[in-house]
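K.L.:
So you can see what is in the structure, the chains are spelled out below.
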Amino acid sequence: MLKIKNINTFYGQAQALKNVSLHLTEGEIVTLIGANGAGKTTLLNSLSGVVPPRSGEIFFNNIRINNLAVHQIVRMGISQVPEGRQVFKPISVEDNLELGAYLKHKMLGGGDEVKRNKEMVYDLFPILRERRKQLAGTLSGGEQQMLAIGRSFMARPKLMLLDEPSMGLAPMVTQEIFRVIENLSKEKKTTVLLVEQNARAALKMANRGYVLENGRLILEGTAGELLENKDVQRAYLGKDKKEIWER
Amino acid sequence: MRFFSRQRHAVRSLKLNMITEKKRQILIFLIFAAAVLAAPYFLKGNYLLNVFVFVGINTMLAIGLNLLLGYAGQISLGHAAFFGMGAYISGIITARFPVDPFLVMILAATIAGALAFVIGSPILKLKGHYLAMATMGFGIIMYIIFNETVDWTGGPSGLSGIPNLHIGSLIFDNDLNNYYLVWLSTLAVMLLSINLSQSRIGRALRAINDSEVAARVMGVNARILKVRIFTVSAVISAVAGSLYAHIMTFIAPASFGFNFSVELLTMVVVGGLGSIYGSFLGAAILTMLPELLRVFQDLDIIIYGLMLILMTMFMPGGLISGIEAAAGFIAARMKGTKDSDAQA
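Here the protein sequences come in this chain order: A and B.
Position one of the first sequence corresponds to residue 109 (this note's numbering), numbered consecutively onward.
Position one of the second sequence corresponds to residue 191 (this note's numbering), numbered consecutively onward.
In isolation and in its complexed conformation, chain A is listed as follows (with noise of 0.2 Å):
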């Protein structure tokens, strides 16, 4: 479905990522995981064409999508839910569902389909019903995710690029996220690319997995494999290498 092939993305001089390539098939949980600025969020926005990438080849069902804009990506059925949330503080809760269904507006002239998507964004999260004539600034850390998880799921996108979802949150809220991002991937058929601090949790929920390092692809595996290998063990599940080598 998504096949990238040795992209290479700066900010200006700075080398962010160094010859990356990875697939995606439909409707898997691909998680990707990595130290802080080893290049996750980079690879997202290579990826949605936000900082589009300087060489290399990223197809998306077989068409060449790096030197789209961004609007024309979105278009094709990839959608990023942004790190941090970036859900639109002054604008009410619902208004933000709107605006996810953007480019689904003029396609189908606003019909019925945008109504049906957002009662499903409604039943995803019944709390944003409770709440849609709120401004989306006067919520919770937790229920901006979910806000703009919902925003995202407006546009019925094919592929789902998500961004550190569990980022600032309460655990107990952070797997009522997970669940919904499952449930997104089994029910709803939505392919997701999931970007999180929180290796296990990702790890236990994703079909496969990508290690990123400096920029740099350096492990893949199912998501079983890299839960058993040493080396995420001990970088990334917070295992001692005592408790790996000498036992």
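By construction, these hints were calculated from the structure, which means they are not laboratory data.
Keep in mind that the hints are not guaranteed to be accurate.
As the list claims (entries may be wrong) - Under the rule of at most 27 Å between Cα atoms (straight-line distance), these lysine-lysine pairs were calculated in the DSS-like manner: (1) A:Lys197 - B:Lys213; (2) A:Lys266 - A:Lys223; (3) B:Lys317 - A:Lys197; (4) A:Lys223 - B:Lys212; (5) A:Lys223 - A:Lys297; (6) B:Lys213 - A:Lys212; (7) A:Lys197 - B:Lys315; (8) A:Lys241 - B:Lys212.
Stated by the list, open to error - Label pairs and their in silico Cβ distance ranges: (9) B:Gln388 - A:Ser248: 25 to 31 Å; (10) A:Lys126 - B:Thr300: 48 to 54 Å; (11) B:Ala517 - A:Ser248: 26 to 32 Å; (12) A:Leu243 - B:Ala228: 46 to 52 Å; (13) B:Pro506 - A:Met275: 56 to 62 Å; (14) A:Tyr119 - B:Leu498: 33 to 39 Å; (15) A:Met275 - B:Ala228: 54 to 60 Å; (16) A:Asn114 - B:Gly512: 54 to 60 Å; (17) B:Pro506 - A:Glu238: 25 to 31 Å; (18) A:Leu243 - B:Leu498: 21 to 27 Å; (19) B:Trp342 - A:Tyr119: 46 to 52 Å.
Beta carbons: idealized from backbone N, C-alpha and C, even for Gly.
Take the given structure of chain A and dock chain B to it, following the hints.
P.N.:
Here is chain B on its own, set in the frame of chain A:
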């Protein structure tokens, strides 16, 4: 079962809310329009009628700038230039050739719009101070052009002999006729603006205002949308300029300089960013204020600057938000006393 009925109820109340919001907007507009159209009856033969003609023109300009600044969050310190372009294109052509001034008005609006589109594409990539500087530069360049092309514009001494507008035998040469000419146009611009703010595009503009990157990943083509709203805003300003030229029958570059751009900005901010009636309020106050500030002579620009600073410090939502807050407070107090009365 109960779950479903609750859900349906939610949907219905949602629809109800949407309808009432739109109805509310239209109702307020109708009341405002009725008040505006009835006002000359009370101001007959009054000097104020003349002042309100210019309040109307300034309201139109402020709403135009508000679309850009209040909704899309893009600053322009060069809007007087579009106002001037409208005035000069209309003035120069109609003073020399016997053509239909309304056709020239359309031509002026088209040229201003086209120019806005062309310069908007590169300029609106800039943000914050850089955008302010670029638009300011544009305004100053246009001001210099108005001043230096003496053969066309008459230079600093101005351009006279611009005919009044007329439809058939109805000539717009007195305050009453001008009042209706200006205010009917302004009401049309208001309606357009209300309509836009309630639409998908309006939502997208507010999203750009809050976070451009987030708006872009929602699929909003921010670049094009910003250029378009800049163009619409320039067209509105140019139409206001044409009306101004035909009403004054004399124009000089001093009316279209940097100071006037700042004045427009002050109108929008003092009235309330993103509020249509706020723009009216700001325009009304800043049109009447110079009469009161005459004692300060050229220091009036300092007063405007001071107003801007004080407003952004103490009432960032503008006067309109202050009024809304006060009304809410009074309503709550009255409701409170009523409740306590009922209890007693």
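K.L.:
Take the hints in turn and mark each one as holding or not.
P.N.:
The hints, checked one at a time:
1. A:Lys197 - B:Lys213: Roughly 25 Å between the alpha carbons, so the hint for A:Lys197 and B:Lys213 holds.
2. A:Lys266 - A:Lys223: Status holds; Cα separation ~19 Å.
3. B:Lys317 - A:Lys197: holds, 20 Å
4. A:Lys223 - B:Lys212: The given pair, whose Cα atoms are some 18 Å apart, holds under the 27 Å limit.
5. A:Lys223 - A:Lys297: holds, 19 Å
6. B:Lys213 - A:Lys212: holds, 26 Å
7. A:Lys197 - B:Lys315: holds, 23 Å
8. A:Lys241 - B:Lys212: Holds - the C-alpha atoms of B:Lys212 and A:Lys241 are around 15 Å apart, at most 27 Å.
9. B:Gln388 - A:Ser248: 25 to 31 Å: Because 28 Å falls inside the window, the suggested range holds.
10. A:Lys126 - B:Thr300: 48 to 54 Å: holds, 51 Å
11. B:Ala517 - A:Ser248: 26 to 32 Å: At roughly 30 Å between Cβ atoms, A:Ser248 and B:Ala517 fall inside 26 to 32 Å, so the hint holds.
12. A:Leu243 - B:Ala228: 46 to 52 Å: Taking Cβ atoms as reference, A:Leu243 and B:Ala228 lie about 36 Å apart, which means the hint is violated.
13. B:Pro506 - A:Met275: 56 to 62 Å: violated, 29 Å
14. A:Tyr119 - B:Leu498: 33 to 39 Å: holds, 36 Å
15. A:Met275 - B:Ala228: 54 to 60 Å: holds, 57 Å
16. A:Asn114 - B:Gly512: 54 to 60 Å: Roughly 58 Å apart at Cβ, these two residues keep to the hinted range, so it holds.
17. B:Pro506 - A:Glu238: 25 to 31 Å: holds, 29 Å
18. A:Leu243 - B:Leu498: 21 to 27 Å: Hint holds: Cβ distance 26 Å, inside 21 to 27 Å.
19. B:Trp342 - A:Tyr119: 46 to 52 Å: holds, 49 Å
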